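Chains as they are written, first to last, in UniProt numbering: chain A, 1 to 253; chain S, 1 to 253; chain D, 1 to 253; chain H, 1 to 253; chain F, 1 to 253; chain V, 1 to 253; chain Z, 1 to 253; chain U, 1 to 253.
In short, the hints are calculated from the structure, not lab data. Values in this document were obtained by computation on a predicted structure and should not be read as measured data. Errors might be hidden in some of the hints.
List time: in silico SDA-like cross-link candidates among lysine to any residue, alpha-carbon distance up to 20 Å [unchecked claim]:
1) A:14 x Z:16
2) U:110 x U:129
3) S:14 x D:6
To be clear about the criterion: a stretch of chain Z counts as covered by chain S if any three or more of its residues have a C-beta under 8 Å from a C-beta of chain S, and this derived list gives those stretches [as the list claims (entries may be wrong)]:
4) 16 to 24
5) 132 to 138
Glycine included, C-beta positions come from ideal geometry on N, C-alpha and C.
Here are the chains, one letter per residue:
Number of protein chains: 8
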Amino acid sequence: MDIDRLREVLEGVKNQAVSVDAALETLKDLPYHDMGFAKLDMHRHLRTGVPEVIFCQGKTVEQVVAIAKRLTQDHHNIMATRATQDMADRVIAEIGDAEYHELARVIVVKPAPLPEKVGKIAVVCAGTADLPVAEEAAIVAETLGNYVEKFYDVGVAGIHRLLHQRQNIAQANAIITVAGMEGALASVVAGLMDKPVIAVPTSVGYGASFHGLSALLTMLNSCAPGISVVNIDNGFGAGYQAHLINHLSGKRQ
Amino acid sequence: MDIDRLREVLEGVKNQAVSVDAALETLKDLPYHDMGFAKLDMHRHLRTGVPEVIFCQGKTVEQVVAIAKRLTQDHHNIMATRATQDMADRVIAEIGDAEYHELARVIVVKPAPLPEKVGKIAVVCAGTADLPVAEEAAIVAETLGNYVEKFYDVGVAGIHRLLHQRQNIAQANAIITVAGMEGALASVVAGLMDKPVIAVPTSVGYGASFHGLSALLTMLNSCAPGISVVNIDNGFGAGYQAHLINHLSGKRQ
Amino acid sequence: MDIDRLREVLEGVKNQAVSVDAALETLKDLPYHDMGFAKLDMHRHLRTGVPEVIFCQGKTVEQVVAIAKRLTQDHHNIMATRATQDMADRVIAEIGDAEYHELARVIVVKPAPLPEKVGKIAVVCAGTADLPVAEEAAIVAETLGNYVEKFYDVGVAGIHRLLHQRQNIAQANAIITVAGMEGALASVVAGLMDKPVIAVPTSVGYGASFHGLSALLTMLNSCAPGISVVNIDNGFGAGYQAHLINHLSGKRQ
Amino acid sequence: MDIDRLREVLEGVKNQAVSVDAALETLKDLPYHDMGFAKLDMHRHLRTGVPEVIFCQGKTVEQVVAIAKRLTQDHHNIMATRATQDMADRVIAEIGDAEYHELARVIVVKPAPLPEKVGKIAVVCAGTADLPVAEEAAIVAETLGNYVEKFYDVGVAGIHRLLHQRQNIAQANAIITVAGMEGALASVVAGLMDKPVIAVPTSVGYGASFHGLSALLTMLNSCAPGISVVNIDNGFGAGYQAHLINHLSGKRQ
Amino acid sequence: MDIDRLREVLEGVKNQAVSVDAALETLKDLPYHDMGFAKLDMHRHLRTGVPEVIFCQGKTVEQVVAIAKRLTQDHHNIMATRATQDMADRVIAEIGDAEYHELARVIVVKPAPLPEKVGKIAVVCAGTADLPVAEEAAIVAETLGNYVEKFYDVGVAGIHRLLHQRQNIAQANAIITVAGMEGALASVVAGLMDKPVIAVPTSVGYGASFHGLSALLTMLNSCAPGISVVNIDNGFGAGYQAHLINHLSGKRQ
Amino acid sequence: MDIDRLREVLEGVKNQAVSVDAALETLKDLPYHDMGFAKLDMHRHLRTGVPEVIFCQGKTVEQVVAIAKRLTQDHHNIMATRATQDMADRVIAEIGDAEYHELARVIVVKPAPLPEKVGKIAVVCAGTADLPVAEEAAIVAETLGNYVEKFYDVGVAGIHRLLHQRQNIAQANAIITVAGMEGALASVVAGLMDKPVIAVPTSVGYGASFHGLSALLTMLNSCAPGISVVNIDNGFGAGYQAHLINHLSGKRQ
Amino acid sequence: MDIDRLREVLEGVKNQAVSVDAALETLKDLPYHDMGFAKLDMHRHLRTGVPEVIFCQGKTVEQVVAIAKRLTQDHHNIMATRATQDMADRVIAEIGDAEYHELARVIVVKPAPLPEKVGKIAVVCAGTADLPVAEEAAIVAETLGNYVEKFYDVGVAGIHRLLHQRQNIAQANAIITVAGMEGALASVVAGLMDKPVIAVPTSVGYGASFHGLSALLTMLNSCAPGISVVNIDNGFGAGYQAHLINHLSGKRQ
Amino acid sequence: MDIDRLREVLEGVKNQAVSVDAALETLKDLPYHDMGFAKLDMHRHLRTGVPEVIFCQGKTVEQVVAIAKRLTQDHHNIMATRATQDMADRVIAEIGDAEYHELARVIVVKPAPLPEKVGKIAVVCAGTADLPVAEEAAIVAETLGNYVEKFYDVGVAGIHRLLHQRQNIAQANAIITVAGMEGALASVVAGLMDKPVIAVPTSVGYGASFHGLSALLTMLNSCAPGISVVNIDNGFGAGYQAHLINHLSGKRQ
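With these hints in hand, go ahead and build the complete structure from the sequences.
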């Protein structure tokens with residue numbers, strides 16, 4: 001593609017249809033288009049409605065609203081993660097076409113239709129306190145165009161609940177497991193299923209959980225194959241990664 | 001399937017074709033088959049030739065040879081990772097049908113044909129010293145039945161080499177990035193591609209690399225979406241996870 | 001037992017007393033009953049009144065009340081740990097039959113009689129600031145049906161106070177030692193007694209206590225035999241483990 | 001007892017049968033006997049044959065032999081842990097009445113009969129590389145006078161093997177679980193059983209296992225109740241703690 | 001002394017002046033008096049007015065007041081460290097004879113005269129933010145009966161200020177150095193002086209100071225001899241240790 | 001210079017123009033002048049207007065105002081970093097000639113003209129949340145007399161934005177890169193430019209960023225040459241270091 | 001420059017002097033030249049003889065020799081750091097024109113003249129055991145074309161030695177300070193000098209030096225301005241960074 | 001003293017007995033003598049025979065011998081710590097007048113008589129494996145001129161042995177406690193004695209002892225007052241600090 005465009009410009013120069021200065025101006029930016037914007041373009045054409053993402057943590061309400069406004073001017077859908085109720089109230093008041101998923105702390109602004117859902121992602125969660133992270137993963141995956149099935153409160157301390165759901169979980173293309181404390185859930189799930197498991201350690205716990213470090217190390221050291229890990233409490237990252245995986249196979253369904 | 005088999009046994013009992021004791025003997029193991037062996041069965045039928053895995057680190061040469069012999073009696077293929085030259089020599093001498101990938105430290109014993117290769121996995125590697133881990137990932141993925149393309153020596157200190165290969169890498173269904181020291185490669189790759197990236201930190205480095213901790217943290221904290229991480233030096237884990245992902249889409253190719 | 005039940009079903013099928021479909025329905029859940037609920041059943045029959053446990057930290061007042069209500073509908077006793085005064089007020093107001101141990105932060109809801117107390121557990125505590133953790137251990141152990149004797153303010157900086165109580169402590173079946181700062185108490189106690197010591201590090205301290213890490217490491221590295229350790233501030237875990245130990249011998253008393 | 005002895009001395013003084021100086025000499029050491037040796041005495045009388053323990057790591061072969069010789073002069077049995085083959089060869093050559101458990105790295109010297117075995121301790125072990133630690137725990141427990149049953153190679157990646165043995169394991173008075181890497185085994189075992197679980201993290205693993213730290217944290221943060229933890233690779237400590245617990249109930253069997 | 005008292009009791013028994021039961025009662029507590037209270041007695045006689053210490057952190061205002069009241073009933077002086085303004089207000093209101101050193105966060109209650117001051121302790125402090133810790137050390141040392149000279153704001157970034165005071169500092173019997181951030185002050189002071197240096201790391205700093213860890217490690221690794229270190233922010237510990245050292249030589253002055 | 005001054009004094013003594021006592025008084029302070037104040041003098045003469053610096057964190061509003069007042073009495077310019085709005089309000093009210101850079105948290109008090117700007121320093125910043133640190137670096141460098149060009153929002157997740165600005169950045173004498181999370185920006189910048197890069201990790205991030213530790217390690221382990229690192233969030237340090245570097249070459253422009 | 005070259009090609013196309021295909025071939029690589037090789041080109045022209053760098057650690061002798069041979073085919077000078085004696089012997093034997101700096105572990109291969117030396121870099125080193133790192137920094141800086149003056153054995157424990165050299169050190173454009181253990185040297189040097197200080201922590205030390213972590217933290221937390229830090233033992237990085245700084249001002253001399 | 005010497009020189013100049021150039025030469029080094037060498041001088045005069053110290057770790061045999069030779073040329077006594085048998089053999093062969101304390105790893109070279117011993121330092125040691133560190137402390141203290149009494153094998157697991165020696169230990173002016181593993185000894189000793197305790201953590205232990213970190217933290221967090229701590233395994237530092245303390249009071253004896 002780039003080669004074709006390059007040849008076209010050169011032929012124009014050869015034919016005197018394009019001045020050297022105009023060609024120079026065009027060629028000067030070639031590497032950058034080639035590199036960055038092309039990717040964005042592709043996105044826009046291939047998967048209509050895929051939202052832009054704003055990571056709200058560390059931003060003021062004003063900053064979030066301003067960025068959201070700028071993006072919606074171009075009719076982009078938006079997914080704002082780690083958003084507070086305040087941010088949601090302001091975005092909904094000033095932009096509209098938006099809803100706030102309180103537990104997941106995600107604002108979805110959708111002036112355009114969201115992408116159609118395909119395939120299936122399972123979100124498996126150990127405890128009640130881990131739910132905000134699990135919900136962030138689930139909402140992110142759904143908003144990006146994936147069917148999501150949730151399996152909550154299936155921690156390893158009562159393993160029969162997990163085993164009971166084993167076959168349902170195994171039908172997903174990607175499995176997100178969310179757990180704090182000792183985080184053993186990911187190993188048990190990956191030992192039972194033959195699908196890629198995205199493990200999300202949470203900061204739930206106390207004492208020697210060291211704000212999620214314990215669960216993180218557990219998941220990284222899992223003796224079961226087929227696990228990879230995202231940052232502590234990174235529900236967004238797990239949802240996004242699972243979305244990429246699910247879309248590889250999603251067209252089959 | 002299990003339900004069908006269960007019904008079959010029960011019909012046999014009903015019809016007096018199966019004695020209660022025989023049925024009892026069969027049913028006694030049901031839960032475990034249902035849970036564990038069923039999964040193995042499925043493997044065996046769906047993907048002929050998929051090898052069993054032996055993790056050799058911490059085992060003696062004798063133990064590795066003994067396990068390998070036992071498995072090959074059932075004509076299983078075997079993949080022995082973290083294997084020393086000594087282990088390889090002994091396994092090849094006593095079992096045959098085997099080859100040793102020295103850089104990757106992997107022995108592949110294949111009394112039966114390996115599974116056919118499908119799809120494409122890219123293995124992107126930062127530096128020469130990271131190659132053993134990258135090769136482990138590549139050999140594991142190939143042996144499990146995946147086409148693998150390698151992009152070596154493309155560290156961020158000379159980013160043009162990576163950019164040059166950008167479009168080739170982007171054609172893979174899953175991208176494994178292997179990097180030690182500061183491990184920035186994974187972020188840059190994920191920022192450029194729209195495919196799931198499995199990041200492998202390596203223990204390459206010194207001083208404040210803390211045996212791979214620095215690269216591990218870098219990858220976990222990546223601001224680019226689409227990355228998940230495996231343990232330090234865990235080429236096997238990355239290869240296996242990429243294999244699961246690639247096979248989701250592999251049938252399309 | 002399970003085998004007997006299984007034979008009974010099969011005989012029923014053989015005798016046409018049970019249809020294949022009904023047998024199928026019964027057998028489908030066998031593994032899970034076998035695994036999980038059986039254990040709960042056993043509890044309920046062997047030790048009447050043993051409470052269910054709610055870990056309140058990270059839950060809202062509403063969630064705690066809702067869970068407590070659901071459990072008391074089945075006339076279960078409840079022990080809610082890490083409960084705030086707010087939670088206690090709401091639970092007492094809406095359920096009744098409850099009391100709040102403020103220092104221990106434990107709510108006990110007991111629509112049914114609690115289990116009878118047996119044996120003896122000693123709770124040995126170093127300093128005033130460690131008392132909430134010691135009290136959590138003591139209340140948990142008492143509520144689960146154990147006699148508890150408390151030995152408070154016996155830190156190693158004034159070792160004569162501990163030595164004075166030596167023979168009383170030694171009469172317990174299990175000894176819980178609770179200490180923050182340098183946590184040396186556990187080693188000294190285990191050096192003097194010939195009973196299992198459950199050591200609980202607390203987050204009491206400052207500076208290089210690193211929120212309990214120092215006490216935790218001290219206890220894990222104890223050169224005195226007979227110590228095992230629970231998480232920092234985990235009074236509940238120590239009380240529960242001591243309860244299991246004390247009940248092994250409890251019937252003798 | 002001590003009070004009786006004290007009264008006896010005082011009566012002797014009163015009756016002029018004991019001089020003040022002789023009484024003084026006797027009383028001078030009272031506190032220390034009262035404190036330390038009394039305990040040892042009690043051991044010797046109550047449980048004949050219980051061995052003294054030598055921790056060999058960090059000692060020279062000469063030191064180990066010298067300590068062993070000195071102890072056997074009083075016909076004590078000895079258990080020498082973390083002993084090398086060299087140490088064993090020398091001890092056997094110079095003292096005799098000894099055997100070396102190679103995998104467990106334990107020398108047992110027994111000029112007198114070992115204590116009779118009672119009760120039951122289960123040793124549950126995740127992987128082949130964890131066996132030396134599991135064996136240390138098992139040999140220590142057996143030598144201290146406990147029946148031990150071993151359940152090896154039951155890691156969580158193939159959870160059906162553990163479930164298959166569930167009822168056998170549950171019959172023990174104390175359960176030792178030994179696991180490296182992510183150490184999830186302890187949580188799963190404690191979730192299934194209603195007996196005290198002593199968890200032993202091992203240094204087996206690589207990368208982010210940080211020489212056993214990962215397994216240690218997993219076990220400390222277990223969400224299943226009834227677990228307490230010993231130091232990394234501390235098979236001796238687990239065996240000793242389980243022995244204390246098992247002997248509480250052992251007399252019943 | 002104890003031997004004398006013991007002989008006295010025995011002679012009483014011999015002479016029938018003391019009954020065996022009375023002697024028994026007296027002797028029963030001997031070991032503990034011998035061990036603990038004897039030490040306290042000695043204190044009380046040798047150094048009149050030496051205060052008891054209350055560590056207020058982690059205690060409620062009520063607890064601090066209660067302990068202070070109990071101690072002053074016996075006319076003990078009291079030093080309450082890490083005390084808040086609230087605690088001070090209440091103690092002063094309810095007990096009197098007290099003053100609050102606000103910067104040092106120390107309450108001194110002195111119903112009796114404080115011990116006379118001897119010798120000299122130098123308190124050397126790096127920065128303004130370290131002053132509360134330096135003041136705690138100084139007030140503690142003064143209240144325990146030591147002359148204290150303060151050398152504040154002499155950090156290594158402007159080393160001439162320290163060098164200017166070198167000879168004054170060197171006249172002290174013990175030198176307390178207080179520094180946060182990189183904590184290099186202790187090394188420089190110990191390199192210049194030939195007196196014992198007690199180094200106090202403070203939690204002053206940000207980022208990679210990790211709440212005082214950086215200064216702590218600096219001081220522990222000092223290449224200058226003659227330094228020993230107390231916990232982060234432990235002004236009390238430094239003041240107390242310097243007091244013990246100064247009193248060894250104090251009588252000479 | 002010092003030697004000249006010393007000779008001058010000695011000649012005065014020789015010529016009886018200076019008494020021995022007066023010479024003594026002069027010489028007594030020589031080492032300290034030689035060491036410390038000389039440096040300050042040099043500053044004052046060579047670079048008129050260079051401000052004194054107050055690090056406000058950990059100081060009270062009163063302390064900051066008092067120090068600022070004292071310094072401005074000598075007509076010094078002042079740069080107060082980590083200043084709160086409160087501090088700024090009070091300083092401006094009581095001293096005047098001051099302005100507050102809110103985002104950078106820096107107060108500049110300038111009774112005298114600031115030093116003239118020379119050369120060029122580039123401040124390259126990854127994300128919006130890193131801006132306060134980047135602004136601190138920029139304001140500090142500008143106030144010390146350096147031209148500063150800012151390149152904000154050029155994180156590695158969208159690398160084309162950085163590449164687009166490559167040639168502008170490369171014209172600076174020193175490049176400050178500010179990044180939190182995984183901090184990969186510094187490596188990419190140093191790989192592209194041939195100028196000294198001062199890397200500033202920020203505490204921006206969550207989970208395994210461990211308050212900036214991840215970015216710090218990334219930058220320390222960079223495989224690109226030409227990077228050195230300052231403390232987490234230390235915008236001041238980076239601005240000052242870049243200022244020293246820029247002034248080495250600044251005279252050329 | 002690149003723009004000029006681009007115009008030249010386009011003019012050639014316009015004038016038919018260059019075919020479209022030939023132009024295409026030339027332009028295809030433009031972005032990468034523009035990005036990466038251009039930088040290398042510039043080097044080659046501006047500073048003749050500047051060597052390529054090989055980081056030998058983690059490479060085999062064969063790999064180092066192979067890379068060195070390939071580079072010298074183009075008459076590049078080479079600097080191979082962290083090289084063993086073995087590597088040096090082989091490189092010297094097979095390539096020649098090389099010398100090995102044993103203490104610094106650096107091989108310099110110079111088929112062409114090295115760049116001329118300019119300016120001055122000071123290398124200040126605390127202890128004998130730190131010398132290999134200091135020498136690596138010095139050799140690297142010299143080989144890159146900088147005058148280097150060494151100030152060794154000037155640790156803070158004997159601060160007069162450092163003060164004695166103060167004025168000589170202050171004449172450098174950049175100061176490299178190398179120190180292990182507590183690493184306080186960097187703070188003292190930066191407090192005395194007004195030049196950029198590049199601090200290199202070394203892994204020299206034991207116990208709580210944690211392989212250089214202590215010195216690293218000390219340097220990062222320095223309260224003296226003008227310090228930036230490289231990785232533990234990274235003499236190369238310090239030498240390179242100082243070289244970049246020194247060359248900014250080098251032309252003045 | 002310095003002032004007197006300065007006056008003397010000035011009077012010489014005034015009286016023309018000293019030329020300005022000669023005076024200049026003399027005065028040039030004044031500050032450094034004043035600062036550093038003066039201190040050394042004082043040592044030499046006040047305490048004849050006090051040895052210079054060489055820290056051998058990280059030095060080659062050749063370097064140690066060379067330094068030792070140079071120092072003995074001036075008839076200095078030498079104490080070489082962390083010395084290997086090889087170093088000792090070479091030093092004894094080439095210098096003579098030396099002996100090697102093998103367990104302590106200290107060479108003492110004494111061409112002149114060592115300083116007379118005064119006072120008393122107690123060295124209290126927990127376990128056999130800690131002896132090298134305890135011996136280093138003891139030999140260092142003895143060689144510096146202190147009476148040392150050793151109390152070995154008095155760990156807290158058998159606390160009666162420590163209590164038995166309590167009164168002997170309490171007679172020392174300074175108490176060095178050496179312990180690895182959990183390091184609880186220091187707290188118990190300081191709780192019993194009223195003398196300054198220098199605590200030395202050792203690297204003895206395994207697993208979560210983290211090479212001495214556990215014992216270090218225990219000692220830093222001790223709840224008993226009167227403890228300060230030196231680096232892990234730093235027997236030298238403890239011996240030196242105790243020597244400084246003992247000499248404060250030593251003259252009294």
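To see whether the hints hold, each was checked on the structure:
1. A:14 x Z:16: holds (7 Å)
2. U:110 x U:129: violated (29 Å)
3. S:14 x D:6: holds (15 Å)
4. 16 to 24: It is violated: at least three residues are needed, and the region 16 to 24 of chain Z offers just 0 whose Cβ sits closer than 8 Å to chain S.
5. 132 to 138: violated (count 0)
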